[in-house]
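S.K.: For this one, chain R is given, so just place chain H on it according to the hints.
This is what each chain is made of:
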Amino acid sequence: MDAQKSLFPSPYDAATPPGAEGWEDLYPYYVKFQPSRRMEEEGKFWFCDSQHWPTPFRPFDMSMVEFATKCLGQ
Amino acid sequence: MERAGHYFANWGEMLENWHKKVDQKIAELSALEFHELPDVVPLEWITSGKGLDNTTDLIDSYDRAIELIYKVWQYHFEFLNLGYAAYLDFFGFVKETFPSIPDQAIAKMVQGQDSVLFRPDDEIKKLAKLAVELGVADTLKSGSVDEALAATAAAPNGQKSSGWKMATRSCARPNGSLPNATGSPPNTAR
Chain R
1 MDAQKSLFPS PYDAATPPGA EGWEDLYPYY VKFQPSRRME EEGKFWFCDS QHWPTPFRPF
61 DMSMVEFATK CLGQ
Chain H
75 MERAGHYFAN WGEMLENWHK KVDQKIAELS ALEFHELPDV VPLEWITSGK GLDNTTDLID
135 SYDRAIELIY KVWQYHFEFL NLGYAAYLDF FGFVKETFPS IPDQAIAKMV QGQDSVLFRP
195 DDEIKKLAKL AVELGVADTL KSGSVDEALA ATAAAPNGQK SSGWKMATRS CARPNGSLPN
255 ATGSPPNTAR
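These protein sequence lines map, in sequence, to chains R and H. Going by the numbering used here, the first sequence runs without a break in its numbering and finishes at 74. Going by the numbering used here, the second sequence runs without a break in its numbering and finishes at 264.
What the hints contain is simulated information worked out from the structure, not anything from laboratory work. Treat the hints with caution; some may be incorrect.
Said to hold, decoys possible - In silico lysine-lysine, DSS-like type, Cα no more than 27 Å apart, as pairs:
#: 1; chain 1: H; residue 1: Lys182; chain 2: H; residue 2: Lys200
#: 2; chain 1: H; residue 1: Lys99; chain 2: H; residue 2: Lys145
#: 3; chain 1: H; residue 1: Lys95; chain 2: H; residue 2: Lys145
#: 4; chain 1: R; residue 1: Lys32; chain 2: H; residue 2: Lys145
#: 5; chain 1: H; residue 1: Lys145; chain 2: R; residue 2: Lys70
#: 6; chain 1: R; residue 1: Lys44; chain 2: R; residue 2: Lys32
#: 7; chain 1: H; residue 1: Lys94; chain 2: R; residue 2: Lys70
#: 8; chain 1: H; residue 1: Lys215; chain 2: H; residue 2: Lys200
#: 9; chain 1: H; residue 1: Lys215; chain 2: H; residue 2: Lys199
#: 10; chain 1: H; residue 1: Lys182; chain 2: H; residue 2: Lys169
#: 11; chain 1: H; residue 1: Lys203; chain 2: H; residue 2: Lys215
#: 12; chain 1: H; residue 1: Lys199; chain 2: H; residue 2: Lys182
#: 13; chain 1: R; residue 1: Lys70; chain 2: H; residue 2: Lys95
#: 14; chain 1: R; residue 1: Lys70; chain 2: R; residue 2: Lys44
#: 15; chain 1: H; residue 1: Lys99; chain 2: R; residue 2: Lys70
Here the structure is a predicted model, which means the values were calculated and not measured.
Looking at chain R on its own, in the form it has when it is part of the complex (with noise of 0.2 Å):
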């Protein structure tokens, strides 16, 4: 939360840390922020749920994603 502006950072400014530059090619498309989306994005409620999934992601574990957010809206 940003105090400043009581809004959550916005993913698209988040900084890529030290040594995980081209992170995004280890990704599918389908899971990341998409610029051409910003607009739609940034103008809808959303956050980060870090009480489920408090670490990133590693690409192979990207199943898991895939199969919980499939499964949530079955």
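M.R.: Quick look at chain H alone, frame taken from chain R:
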């Protein structure tokens, strides 16, 4: 209500069956074996004309693991969303009946629910307190799990601290792995 209603009407029986289904999947997952690949396949695989190499079993087990996880995720949400829906329904009913009631008061009405989902966190807290009580907290914080447990057993309080090890084992799964405190992926340690 024909579908969700069936679950609500038969909750106890269906939940009991859910535990059986999930325990079965965990057992199947734990039984999977992954072996290091050899330099060459056994000679009899050549002479018998088997025509396959050891990566076959490796890939079969990998596929099976992914398949089992997918099933467990489905079981995870089989009851979860129904629980939330029931709470939302209850929340709406209470708000309508007592318009001035605070949200927190409604939340308090369902607190204390005994769920296996909270068990790992409860166990970790119990173990942490026990470690402090036995004076082995610092020992437990260094090295790998095996190293830490071995050092704990050898600590001055060794005799008593074996209680910590036993407690660890008592909440560990049969395969020796410890529950994941975040509860995600769903943890069914009981």
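S.K.: Confirm or reject each hint.
M.R.: Hint by hint, here is what the structure shows:
no., hint, verdict
1, H:Lys182 - H:Lys200, "holds, 24 Å"
2, H:Lys99 - H:Lys145, "holds, 8 Å"
3, H:Lys95 - H:Lys145, "holds, 10 Å"
4, R:Lys32 - H:Lys145, "holds, 25 Å"
5, H:Lys145 - R:Lys70, "holds, 12 Å"
6, R:Lys44 - R:Lys32, "holds, 16 Å"
7, H:Lys94 - R:Lys70, "holds, 23 Å"
8, H:Lys215 - H:Lys200, "holds, 16 Å"
9, H:Lys215 - H:Lys199, "holds, 15 Å"
10, H:Lys182 - H:Lys169, "holds, 14 Å"
11, H:Lys203 - H:Lys215, "holds, 14 Å"
12, H:Lys199 - H:Lys182, "holds, 22 Å"
13, R:Lys70 - H:Lys95, "holds, 20 Å"
14, R:Lys70 - R:Lys44, "holds, 21 Å"
15, H:Lys99 - R:Lys70, "holds, 19 Å"
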